[in-house]
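Undergrad: Can you build the whole structure from these sequences, using the hints too?
Take the sequence shown: its position 557, counted from the start at 1, is 557 in the working numbering, and no numbers get skipped.
Heads up, a few of these hints could be off.
Derived Cβ-Cβ restraints for the label pairs, each shown as a range [to be verified]: (1) R390 x A450: 14 to 24 angstroms; (2) Q67 x R130: 49 to 59 angstroms; (3) G466 x T774: 50 to 60 angstroms; (4) D481 x E138: 20 to 30 angstroms; (5) K441 x L735: 41 to 51 angstroms; (6) R589 x T129: 55 to 65 angstroms; (7) E70 x E730: 53 to 63 angstroms; (8) R576 x L725: 35 to 45 angstroms; (9) P446 x G523: 28 to 38 angstroms; (10) Q580 x G122: 23 to 33 angstroms; (11) T503 x R723: 32 to 42 angstroms.
Everything labelled a hint here was simulated from the structure, so no lab data went into it.
Ideal placement from N, C-alpha and C gives every residue a C-beta, glycine not left out.
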Amino acid sequence: MTLCEFRCGFVVILVILGLVSPQCAGQATSERQSQIHESDAMYRRLMAQVSLAQESGDVDEVLTLLQKLEDEAEGRVTPYPPEPLNPSFRIQRYVPISATVAWSRASILAGSAVARDQFQSGKLKTIETRLSELRGVEDISAWAQLGQLAQNTDYEVELLVQLGDRYLQRGWIQAARDCYQRTSIGLRAPVFVNRRVERPESATETSPANDPKDGNVRFSLSDHRSSIPWHFILRLFPDTAVLGQDIVASIQQPIGPSRGSTGVLTPPRVDVMARLVWCSVLEGDIKRAALERRLIEAVYSDDREDKQIWLRTIDRWLAEQRTWEVASATHVASTVTFGGNSTRHPLEPSRPTEKRIDFSKFSDAATPPTFASLKDINGTTVIWEHRLMRRMGNVEVKTEWNSRAMESSTGVLSYYPAIYGDRVFVNELGRILAFDLSTGKAWPDPELNAPLYLHQRNDDAVVPMGYAAMGLPRGTVTIVDDRLYARVGTVVTGWRNPNEFSTRSQSAIVGLDLRREGRLLPGFPIFLSGSEWRNMEFEGSPLVIDRDLFVVVTQRAGVEVQRFVACFDSFSGKLRWRSQLIAGGWVPRSEQANMISHQLLSYSSGRLFLDSGLGVIAALDARTGQMVWLVRHPVVDDFADAYPRSQRFRARDLTPPMIYRDMVICAPSSCRELFALDWGTGDLLWATVEGQATDVTHLLCVIDDKLIASGDRLWWIDIHSGRALARFPENGSDLPGFATPHPRGLGRGCLLDDHVLWPSAGKLLVIDGKLQTTEVRGAAPLIRATLPIGPRLSEGANLVTDGRTLVLATPSRLFAIQP
1 MTLCEFRCGF VVILVILGLV SPQCAGQATS ERQSQIHESD AMYRRLMAQV SLAQESGDVD
61 EVLTLLQKLE DEAEGRVTPY PPEPLNPSFR IQRYVPISAT VAWSRASILA GSAVARDQFQ
121 SGKLKTIETR LSELRGVEDI SAWAQLGQLA QNTDYEVELL VQLGDRYLQR GWIQAARDCY
181 QRTSIGLRAP VFVNRRVERP ESATETSPAN DPKDGNVRFS LSDHRSSIPW HFILRLFPDT
241 AVLGQDIVAS IQQPIGPSRG STGVLTPPRV DVMARLVWCS VLEGDIKRAA LERRLIEAVY
301 SDDREDKQIW LRTIDRWLAE QRTWEVASAT HVASTVTFGG NSTRHPLEPS RPTEKRIDFS
361 KFSDAATPPT FASLKDINGT TVIWEHRLMR RMGNVEVKTE WNSRAMESST GVLSYYPAIY
421 GDRVFVNELG RILAFDLSTG KAWPDPELNA PLYLHQRNDD AVVPMGYAAM GLPRGTVTIV
481 DDRLYARVGT VVTGWRNPNE FSTRSQSAIV GLDLRREGRL LPGFPIFLSG SEWRNMEFEG
541 SPLVIDRDLF VVVTQRAGVE VQRFVACFDS FSGKLRWRSQ LIAGGWVPRS EQANMISHQL
601 LSYSSGRLFL DSGLGVIAAL DARTGQMVWL VRHPVVDDFA DAYPRSQRFR ARDLTPPMIY
661 RDMVICAPSS CRELFALDWG TGDLLWATVE GQATDVTHLL CVIDDKLIAS GDRLWWIDIH
721 SGRALARFPE NGSDLPGFAT PHPRGLGRGC LLDDHVLWPS AGKLLVIDGK LQTTEVRGAA
781 PLIRATLPIG PRLSEGANLV TDGRTLVLAT PSRLFAIQP
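TA: Next comes the structure, spelled out in structure tokens:
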């Protein structure tokens, strides 16, 4: 290994430790392992045969065994890397066996030109024929299949570039970026986790084995376990005119055919690096684009013509300093659902309107405005209200925690309304309500005042009374292109005593045509019927992308819970595919209780993301349901890790992953930390310090490169490092037996431009999403207004707004206020 390679690895290690640290070591984690579709004994036997063939130098035998391994994988996944990247926050990443086969094959073929020629001789003609057939064809599936065929051949890089270009045409920025990065290992920063030390004779047993100051530290190619995007490292050197030679060398001369980076062992092309800059410009990350431009200039030091052409083009992009419009072929932006849209991140906090709620005038008031004075100042008043079915949480089986973050047992905030056009919709679990947004009159028939859809009249069938439960009822909806979809029926997703003879689910997915006054769509409602769906129930409201309807399905047998993802046709309700097992496991203390859960999917650039609630985060191909990657994260033991440590994080029963650019931000209910995974590979990017933000229940948005998350408090977290920057309020504690913060958050807030509307007991706070820098406190939140609303908000509310009207759903009422 060259000195340059050693220095590069050393620098990257220090950078990574800075990105994911500090963490508090020693948290109590459960020894229970979630069940997944993992590699079996046959896989291990074949891999042992591969190792023996490699030792004997029989390349043909190795390639044959690898092909057999790929053919018999059956969608199974295998752990990689085997060692944790960050010892204080141990995740375990899994990838499909087919991916490990491709990486192993690349390593073999890179060392034998004869074997490479022999391997691709039977493929090149087929690839060329299919490539000529696909000229002018924009079918993504066909191009993806051809790219799969071209793995480990001379066409691999070119087809990855062409597939990435077609993803960009569809507006799939992250899928395009993933393709471009896979063209070269050097396009992602290497992470080394194993270091071999040759101890000097004078060393003692107590000497640190991995001391980076030790000049005898050595690396091997097998140490390259993982990788992260380069901009995470480049942001640490913003004022450096020329990038260090360590970084440049690792890009120009990729170190070994890494199985972790999903790239090929070739130097990066300048046009591909320019495409990565364009991806950053398209998503509005101008700082990242500028850093990636510096990378091009440093890597290609000569004045070659293509480099200069691309640099001039990039300079023109950066000079405009604006976010370019991306023409999306899917209807993600038009989707109205929990969290704003399918990424669970409201990219457009509110629609442009002629008249908007303006809170700025209240910030200079000598005294906080009362509700009566608001009417005098701005005409704000309650314009309409309706009763909702109150749900109780006092039958919930709790562990060591007495109350939920952002909620009380007597006032469960079950309803998450959605505004679509000039109407507001609420899923009351047994029925769906619709109201005119400006008048509050029932829709479609204001005189009849009936629900839009009635599924069950008997409320005890929806929420069985008198039975212990794990979890609380939640009601969400998804609306796209004048079609509404929701999960209705019983809130139970796992029965303590299931009916052994039942072959149909008691929950259903309903689809309503809003253009036809809410009439049922053909094929709806969808029930899970047949022996293959025994004891299965739908989870939360589905995601709808084009003609595909995606939903989580749960099966319970005894204390074992298993989760899958199913895809149906959104127009006919016919099943398209059902995924393999995502995760299975035991939910502590659910033995004597019915389970109530509401797992939601997130979607971005052709991929589905799921927090299984069982210690597993998964990414799936939305076209096929095949696993792309899977991550096991630490699970806090429900028994060993009890009082006096904070248990507020266990209230995250409605916190799907948030997709922000190429990050998958997760807040599991079985783990105290928030953490971010890489969109393409599932690698850990950062995790919060244990003990911080444990009360976070909702991920609201990212403003000014800061994640805003809400719970008992509002938190501002640096999106690139996971470091907590500020919180409001500062008082109170998350620990049992201590006073909670005051004012305490009660409900899910919403966004209005760059402001967060945050509900508390009896009042609504308007807080600037951007931190204000002061000489005394540094970066601190700014309260723009405090709006006392009175008894209506005493138990909190979930908020939603279209910019003109603010709708609040309390435990028992739905009401609207408007200037």
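Undergrad: Provide an ascending list of the numbers of those earlier hints which the structure does not satisfy.
TA: Hints 2 and 11 not satisfied by this model.
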